[in-house]
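S.K.: Residue-level listing of the chains:
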Amino acid sequence: MSLSINHLLGLKGVSEKDITLILDTADNFYEVLQREIKQVPTLKGITIVNLFYENSTRTRISFELAEKRLSASPLNFSTSTSSVSKGESLRDTMRNIEAMKIDMVVVRHGAAGVPAFLTRCTNATIINAGDGLHEHPTQALLDMMTIRQKLGKLKGLKVAIIGDILHSRVARSNAWGMSAMGMKVVLCGPPTLLPQHPECLGVEVTDNMDKALDGANVIMMLRLQMERQNAGLFPSIREYRERYGLDLEKLSKLPRDIIVMHPGPINRGIELASNVADGEHSVILDQVTNGVAVRMAVLYLLGGGGDNA
Amino acid sequence: MLEKKNGQILYPFDPAAPKRSMLIKNGRVIDPANSIDETLCVGVDQGRIAWLAKEPPPGFAAHMEIDAEGLWVTPGLMDMHVHLREPGREDKETIETGTQAACAGGFTAVACMPNTNPVLDEESKIRYVAQRAQDCSCRVFPIGSITKALAGEELSPFGEMVRAGARAVSDDGKSVRKSNIMKNALNYSKSFGIPVICHCEDNDLSHGGHMNEGAMSSLLGVWGQPSIAEEIIVSRDVLLAQYTGARIHIAHVSTAGSVRIIREAKKQGVAVTCETCPHYLALTDADLASYNTNMKMNPPLRTKKDQEALLAGLADGTIDVIASDHAPHVSEEKDVEFDAAAFGVIGLETSLPVIMTYLIEKKLLRPSQLVEKMSLLPNRILGLGGGTLSAGRFADITIIDPKARWTIDSRYFYSKGRNTPFDGLEVQGRAKYTILGGIIVYERRGTS
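Protein chains in written order, with the working numbering: chain X, 1 to 309; chain P, 1001 to 1448.
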């Protein structure tokens, strides 16, 4: 079995079959991660560059760990330690790195479309680790892996994604991926934090949190950036928390088997009350664990491993 | 002679050369100013149109003849919105290369925008451009800035600039932000009979946007500029024109709302004209799916609905002019991530074929309307005598081959710019001859 895609630029247009293959492979790697020796030799000799133009802790570490556990050779590059500060163009940076003979590139960038741009600069395999407001496909994959792990299936489940949808590449990737898997996705946030024409994402959109939560099996809370208040997008944290935050009181009215997710980092006490983040419904740390397994699966399948599996 | 391997030839233009007489016969002569659209002969003598007739008058001896059978003979095309980049960014384009591109695109005249470095905001700078353009194979009419250094604060000296040859004023590239300054500019312009060309963009609304705000920008995760950023300033400037009685021309109209506002204003007698560009007529924001930076311009490509409104506006006369907004950039500014790419596309060498292919072939525009919008009306708006084949006028003539099928190939452009969204596009129609003051300055050989 192998994927029908050569790069992972986003989940828009990726088939149910491909996503299922990634999630099944990730489940296998999850088993590997439970062993005493957590490393497999699958990508030995493969060099992977982690090209991070934006700050990231979780995603970068997760990818690096996944690469090491597949015995690949990771190479880390972030803007503070590169010649980007000297004004080198992205194409030149990419071509210079490629000249050093690398196989795969994991890229995060503040501008949408950069992973697609890189496919036109290099022959290496490109994996999107977040581009602007566009997509963050491995996050959505680890979210789906976690839901499947906890609730046993994806098809037919309802997910409420709540918060700053406008600025969220996670929401976009999940909207595509979860829809492909037959899930019902509702995006919810104040109208100022919803994208224009959200119907183009092919999912339901509402500014009413109660409506979003009605019948939901999964709640995914998104991080609220403080800068958005200064930009005039919402008036106060207090009002935001009241209308779109998740606390025990709201949670208590929901079914007992509901799960609470968050892509991190959490603003405790703003979008998510601490006792909910750490409570029995929370699967936030499982998401982090699964992130490594999912990224191993993506690297393995795109790194050529799929043909031999 | 500047020849290209695909059959293009630019001939040097020597204003002092002897003016030989010329007979253009068997062509379909399209001259909307005189309501002419029929097969006629055109006689040229002393650099001017001598006569239009079924047969040459007895005794007319032509030094040379062009058989224009199957071709259109039109007044020289004019592009009233181009960026020639000189002075300041001669690496992107010069007056020489820009006018060569114009000539190859079938244009005998262009009006160039003042957002150069330095800005064309005083007499000496206008004179510089006019002087540099003197021996070029296309007439160049400079546009002065509305405000000094395009800063939006103090008015540029319109009178001195007009004396030096400026035919309009514009702060193209941005709007005059302060409504009171715009009101003053409009009032002041009335003394000189020049139009104020408005770039309409509410910067607070458009700020940070790299494409049209809408479903496509949401899909691509790119910050958008909403259509209302354009329409709010179109409304403002139309109201200011009505209030002051001054004459305005709205540059690069791209939205359905702008068309609606301008249509209404014209009905009410406001002295407003406007233009749109070929890229808005041939492309939409859906074409940005691969983040092609050669489709990034300001205002941005809009939606299908906007495009339909532009086409309706062209057909009913709301939109007077088609101009290219030719904006050359170096590859370093385009071969980058979408957000970092410069705004602007080139158009001089693609305008005519794109309009022929998308509008004439599809019967959305009649040939005489094309000549109006790409020749007659730009001339009228800028107070020039060109755009017609009336006897006695300069013999600026474009001979168009409406049947030539060919593929746009940016490698053969005379422009320094390669930032075209139309590279590789199969088109029908192009200029076969460009004639300036009775002299052939451009010829395209072959039929493919």
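Hints are not guaranteed to be accurate.
Below 27 Å or equal to it, Euclidean Cα-Cα: the simulated DSS-like pairs (lysine-lysine) are [claimed, not checked]:
#	chain 1	residue 1	chain 2	residue 2
1	X	Lys12	P	Lys1304
2	X	Lys12	X	Lys44
3	P	Lys1363	P	Lys1266
4	X	Lys12	P	Lys1305
5	X	Lys12	P	Lys1266
Source of the hints: derived by calculation from the structure; they are not laboratory data.
S.K.: Among the hints numbered above, which are violated by the structure, and what are their numbers in rising order?
M.R.: 2 and 5
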